[in-house]
Amino acid sequence: MKAVRLHTYGGPLAFDEIHPPVIADNEVLVKIRSTAINHLDLVEASGAAREVFPIDLPWIPGHEFSGIVERVGKDAGGFAPGDAVFGNSTSGAFAEYMAVEPAAIVGKPPNLSFDEAASVPVAAQTAWQGIFTHGHLKTGQTILIHGGAGAVGAYAVQFAAQVGAIVVVTASGDDEAYLKAIGANRVIDYRTSKFETELADRVDVVFDLIGGETQQRSFQVLKKGGYLVAANQPVSREEAAKHGVTGTLMNLTPSAELLGRIATMLEDGRLRTDVATVYSLADVAQAWSDMAGGPASAARTRPRHGKVVLRVA
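Okay, so the sequence shown: first residue is 1 according to full-length UniProt numbering, each after it adds one.
Just so you know, these hints were derived from the structure itself, not from any lab.
Hints are not guaranteed to be accurate.
Listed below are the simulated DSBU-like cross-link pairs for lysine-lysine, each with C-alpha atoms no more than 35 Å apart in a straight line [said to hold, decoys possible]:
| # | residue 1 | residue 2 |
| --- | --- | --- |
| 1 | Lys194 | Lys223 |
| 2 | Lys138 | Lys74 |
| 3 | Lys223 | Lys242 |
| 4 | Lys242 | Lys180 |
| 5 | Lys138 | Lys194 |
| 6 | Lys194 | Lys242 |
| 7 | Lys180 | Lys223 |
| 8 | Lys223 | Lys138 |
| 9 | Lys31 | Lys74 |
| 10 | Lys2 | Lys31 |
| 11 | Lys194 | Lys180 |
| 12 | Lys74 | Lys2 |
Label pairs and their in silico Cβ distance ranges [unchecked claim]:
| # | residue 1 | residue 2 | range |
| --- | --- | --- | --- |
| 13 | Glu239 | Phe53 | 23 to 29 Å |
| 14 | Lys224 | Ala24 | 49 to 55 Å |
| 15 | Gly244 | Thr8 | 42 to 48 Å |
| 16 | Phe15 | Asp56 | 16 to 22 Å |
| 17 | His136 | Ser236 | 41 to 47 Å |
| 18 | Leu57 | Asp189 | 40 to 46 Å |
| 19 | Pro81 | Ala49 | 25 to 31 Å |
| 20 | Pro81 | Gly244 | 53 to 59 Å |
| 21 | Ser289 | Gly173 | 26 to 32 Å |
| 22 | Glu238 | Ala177 | 35 to 41 Å |
Even for Gly, the Cβ is constructed at its ideal location relative to N, Cα and C.
Construct all of the structure, not just a fragment, from the sequences and the given hints.
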């Protein structure tokens, strides 16, 4: 089968021909139709955080996918050959086939294309766990989402709006119409306004997808007893204690039960997903550059919202 592999940290991606996986009795073989690129793929490939995110070289990237069940191990129940599925993986989705346990996949919503389905698992579950599992968001509370126009942020906006929270987002003013269309009550343009001045001591939950000084300034908007949940940078324990809030650096814990609930929301129209650009697997180098925003990036010309997807088959 064809697979995209990394042979050295920070090196180029290779388009290799390798043997397909042999499934264990408790596994399912999935023929991958589409996968999506995540920032975690870039971080792992760079080796910059190898103590935290180690990988075994040669390594196949890819943490989410959609596809068709090809074969089912004798002890793997719940699925049959021909089932359309989507789900999470620790890695390995940049390939034509992948072996997974049944707990990693759920049925694909029939109203979603394979490209759309592949864009869902990581971002949607990260958003849900960020604002509910770690942020404990409740109806009527105010949430501030930094980076709400990104893939994770857009799901967080939708989930928060669905439970009746007051949703405030920091983003470019160019994204205001999009964000209000998916549920934001207010959009603060980070280029022209200081969110900490406008929201001082008025926010119950901050979901930080930016980090840096944005995170530091976020303590000023939280009420006592509030939550600051970060997805990409540790939260200072000292600052959290000083402001009387709980700070958490979250890690995604994939859940078939949660992904199944998200699939239902997508199927009945309560949730939308956006795909920015679709590349073929053979064009992975350009897709990778696009995601990284490098010199060869097409990021300035592709749609602003949604995931970068690789179409495998």
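TODO: Against the earlier hints, flag every one the structure doesn't satisfy and list their numbers going up.
DONE: 2, 17 and 19
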